[in-house]
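Student: Mind the numbering: the sequence shown is residues 89 to 267 in the numbering used here, read in order.
Some hints here could point you the wrong way.
Below, a list of computed lysine-lysine pairs in the DSS-like style, where the Cα atoms sit at most 30 Å apart [as the list claims (entries may be wrong)]:
1) K249 to K196
2) K165 to K205
3) K206 to K153
4) K249 to K117
5) K249 to K204
6) K117 to K204
7) K196 to K206
8) K196 to K227
9) K165 to K249
10) K204 to K165
11) K206 to K227
12) K241 to K227
13) K227 to K204
14) K117 to K165
15) K153 to K196
Pair ranges (Cβ atoms, derived) [stated by the list, open to error]:
16) L151 to S226: 22 to 30 Å
17) S191 to H116: 25 to 33 Å
18) Q175 to I103: 39 to 47 Å
19) V185 to T122: 15 to 23 Å
Since the hints were derived computationally from the structure, they do not count as laboratory data. The beta-carbon is built from N, C-alpha and C at its ideal position, and this holds for glycine as well.
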Amino acid sequence: MYTSGTTGDPKGVLIKHEALLACTAAGHKWLLSTGMDYGPGDALLSYLPLAHIFERAAEEMLLSKGGRIGYFRGDVKLLVDDIAALQPTIFVGVPRVFDRIYSGIISKVNAGGFLKKKLFYMGMARKQHFLEQGFPQSKASPFFDRLVFSKVKQRMGGRVKVILSGAAPLSRHVEDFLT
């Protein structure tokens, strides 16, 4: 593999096959511990550089269970269209990507009318409250899921089961939002 060159020139690094297998097995074990299994019906949209070890590990994990991978067309402006076409069930990204998604949605909500903003923020608070009380995702706020959050979910393809963030810390407010 090659490093991305974010701190200097790109360079080759040796990664043993057993390290990739260990990463794949650990990822699978973690997903099972959350109650999620994955297999042939699942899909991942690959848009991170293929030299990114996080992307590579996610692909290996999904392929090991018979899932499918779709590669974005290389134009970030078309990423939303690529997401809609593939309808991924697993979304992998780095915090910077999720920060952009969060900022884009929040700015769109804030540009809306009073009622739209009120419903969105009330729904966020209610859902977060019930998630903190231990309710499962599907039962935390079904009313607001249908009324408000379904539109956000549709923009992500409508089938996302799990969002994985790695390579750097994810802001707590963005993590709460993605939940």
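Student: Look at each hint and say if it fits the structure.
Tutor: Comparing the hints with the structure gives:
1. K249 to K196: OK: K249 and K196 at ~24 Å, within 30 Å.
2. K165 to K205: This hinted pair holds, its Cα atoms lying about 26 Å apart.
3. K206 to K153: violated (42 Å)
4. K249 to K117: holds (16 Å)
5. K249 to K204: Holds: K249 and K204 sit about 26 Å apart, inside 30 Å.
6. K117 to K204: violated (40 Å)
7. K196 to K206: With Cα atoms ~13 Å apart, K196 and K206 stay inside 30 Å; holds.
8. K196 to K227: Answer holds: K196 to K227 is near 26 Å, not above 30 Å.
9. K165 to K249: At roughly 24 Å apart (the allowed maximum being 30 Å), K249 and K165 satisfy the hint.
10. K204 to K165: Holds: K204 and K165 sit about 26 Å apart, inside 30 Å.
11. K206 to K227: holds (21 Å)
12. K241 to K227: holds (16 Å)
13. K227 to K204: Holds. K227 to K204 sits at ~22 Å (cutoff 30 Å).
14. K117 to K165: violated (35 Å)
15. K153 to K196: violated (37 Å)
16. L151 to S226: 22 to 30 Å: Between L151 and S226, where Cβ atoms are some 28 Å apart, the hint holds.
17. S191 to H116: 25 to 33 Å: Given range 25 to 33 Å: holds, Cβ gap about 32 Å.
18. Q175 to I103: 39 to 47 Å: Given range 39 to 47 Å: violated, Cβ gap about 31 Å.
19. V185 to T122: 15 to 23 Å: The hinted range 15 to 23 Å holds for V185 and T122, with Cβ atoms some 21 Å apart.
Hint violations for this structure: numbers 3, 6, 14, 15 and 18, all remaining hints satisfied.
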